[in-house]
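Residue numbers (this note's numbering), protein chains in the order written: chain A, 1 to 294; chain B, 1001 to 1332; chain C, 2001 to 2291.
These are calculated hints, taken from the structure and not from any lab test. Some clues are possibly wrong.
Mimicking BS3-like on lysine-lysine, the simulated pairs with C-alpha atoms at most 27 Å apart in a straight line are [what the hints assert, rightly or not]:
id, chain 1, residue 1, chain 2, residue 2
1, A, Lys177, A, Lys86
2, C, Lys2115, C, Lys2134
3, C, Lys2068, B, Lys1141
4, A, Lys128, A, Lys177
5, A, Lys86, A, Lys128
6, B, Lys1138, C, Lys2068
So you can see what is in the structure, the chains are spelled out below.
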Amino acid sequence: MSTPTPLFRGTNLVKEFRTGSSNPLGRAKTFRAVDEVSLEVHRGETLALVGESGSGKSTTARLVARLMDPTHGTLEFEGADVTRAKGADLREFRGAVQVIFQDPYSSLNPKHTVERLVTAPLVYQGRKIPGGARAFTRELMERVGLNPMHSERYASQFSGGQAQRIGIARALAVSPKLVICDEAVSALDVSVQAQVINLLRDLQADEGFGYLFIAHDLAVVRQIATRVAVMSQGAIVETGSRDDIFERPTHEYTTTLLRAVPRINPEWDRRRRQAEASRGASVATAASGDEAGR
Amino acid sequence: MIRIAGSRLLGMIIVLFLVTLFTYAIFFLLSADPAVQICGKNCTPERIEQIRLNLGLDQPFWTQFWGYVGGLFTGRTFMVAGASVECAAPCLGYSFQTSQLVGDMIVQRLPITATIAIGAAVLWLLGGVVAGVLSAVKEGKFLDRFFAGLTLGSMSIPNYVLALALQFIFVVALGWLPFPQAVKFSDDPVQWFLNFILPWIVLAVGYAAVYTRLTRANVIDTLQENYVRTARAKGLQPGLVWRRHALRPALTPIVTIFGMDVAGLLGGAVITETVFGLNGVGKLTADSITANDQPVIMAVTLLSAFFVIVGNMVVDLLYTAIDPRVRTGASA
Amino acid sequence: MTDDVNKNSSPLLSVRDLTVSFRTAQGPVRVVRNLDFDVPRGGALGIVGESGSGKSMTSLSIMGLLPKGGTATGSVRFDGTELLGLAEREMRGVRGDRIAMIFQDPLSSLNPYYKVGTQIAEAYLSHRSGVSRKQARSVAIEAMERVHIRDAARRVDHYPHQFSGGMRQRIMIAMALSMEPDLIIADEPTTALDVTVQAQILDLLSEIRQETGAGLILITHDLAVVSEVTDEIVVMREGVAVERGQVEQVFSDPQADYTRRLLDAVPRIDDEIGLMRTTDILIPSERRSVR
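So here's chain A without its partners, still in its complex pose (with noise of 0.2 Å):
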């Protein structure tokens, strides 16, 4: 039984800075950032790191991405090693492979209107836009639940949220395979943050991305991992399907993550279900189709 080539695999990943001492004639302490990671993202699922402070996860996402070079390890992209690509390899791998940041207000240009942003990977790669920036950015931005009639607007006029959505249209623009979401909704608003989940579940479903999904909040892991690795002071400490690490975890330290979380009694979860059924009235409050924003 062959398995199929994952979209991205990385093996033994090693990223180690130089701890720099004043002093130039005493010899540079080195710290291991990322301790022999390997992990592997398949066509249409989500890969969640996991982990704390310290625990290497975004940099990991940042040698995933190549915004920084390992010192030692592969990176491969659809079968072809990509670990040194350079020029045109490099751009293909880059109209690839996309990330969205944590902090949409430093990640956006505030002086840059929606559509200049969006566009920007095309413009940079070379590409043609299809069907002229306008129509693509409007395109783009009804996908994401905002209000196409802004896309001349500059970016410090938006909401965190919204501005979190024209980082997700400025991803979708090239395309991509694989999606690097670096602790994309941890600075959202409990609500905002349902919504964006819910809008990056729905464009995988679409397009059959993969995601590469950083994040230090388990519970919201939980929504959207297929499959979790959780890391630790530089290593994955175990990896495994979203319900075996989340209901058998089998290394001490997942299990001391999952204990730590604080969580609704679910006991009172299910009496509001019980109570809103007999209510009569339904727990969502509106039809599918509605991404509210306009």
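Dock chains B and C against chain A, hints included.
Frame of chain A, contents of chains B and C only:
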């Protein structure tokens, strides 16, 4: 800590060396033939040649340069009008125009420069910080705007205009102060004060303006800090909140800038000294440039660089002493 | 009812009709409107809301720490004393001594230039007269030990940057504790911390409450945290309390539409389908797409 000081010292020496080399090279390449100048009028080509030989000007650049550098450490001997002049280490050269060892010229003038620099420094630090703190406390109100206008005016007036204006008002018109002269403190403290007060004010005014703005900005920023909020939330007395949580963090960076500014001034406040006719290192600089007295120009440049570099290092070390984050290192 | 019983059953903190407004160029803006709630003695109240809900301003107005341009009207009765309008000198006596506050970001909430011990002992030296530095120092060490900082006698002389995030928050709690306050207000105390550290800090807060009987107001956007830590909850939206009651009651049978939809939006760790079906944007700042 010793290692840090050691590497800084090394860096300092390297920078000083490079400054010396650079300055020497500039003079070597750009200035007129010193032999001609020394010779003066009634010069014959043979005499010029003789002087050039005496001064070693026929030798290649590096030989001359190392000769100069060597002189800084071990002293040199100059041939002047047939007699030899001993120049003890650090030998900064011999000025043929004034027939003096440059070193002696500078040493004579340093006390005056130091007096002007330090007196002005005290004035501008106190004035600037007080004005800055008041502006911050009364942000947006009349006092703040008043100081803003005042600082703008101070920064706009050229030094020499202010000097002449003040001289006119206080010396000529009102007669309250004498024409500034270099009076020794040990001779007559009162006269010393009255003579130096004008140069102090003239020099301090520009700096005070900058320090006011700087202090004001720092204090306003610090007041927004979360730890000030914490201090208030603990119900501490306002005085304590101010001193410990507002002023200390706000003023610390200013102290270090102050060190740099004073160090720079020790090389001479050229314009102030010249306008008031006070014989400090600054006036020496101006005079020697006009007269194209190379050894002197070279020496004052080096001196100035020396003060700045040393000042820089002192400030760096000061920072490690006063900012705990620099001193220890995060061990979390 | 006798006076004694009255005193014990009367709430520690009683807020009535609290309104906080700010002067702006466009006129006064009310960030909190007609807020009512009680904190029983030894009880824990959670104030929950998204951004712009006014929850932080509520706590600041209780402490009298509103930023410039803000005024609070209404009534805030603390143990019988009306706090709004209280003279600044007396308010200072309350702050840090009877009501202590813990903030969100422990690194920026501590002065980097002073030792941790100094900052913990400050409140003690300020509020208690005739106390020596030595005494204050041992109070500081004791407070650090109570929040389980190991090697406290040595670390009391360390600076804030020498501690990790979780430890710094413990130091903030030690600062609050050192005066044995009757009420602790914690404004997003664990938002900036890792989840395991968060669990430890929340446990610590519960432990402290049990030991000292202090009341707690916990301000957060995290409904899960509030459900585990507090007994009562106030849900705020745009400055208004949309719902109030016992936590269990509010979560099992929310009355307000906003509460229901907020509960729907919270991701559950043990369930994926079913609840995260919010499609409406709930908070007005998000609905207003262009400012």
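Worksheet item: Against which earlier hints does the structure fall short, listed by number upward?
Response: Violated hints: none; all satisfied.
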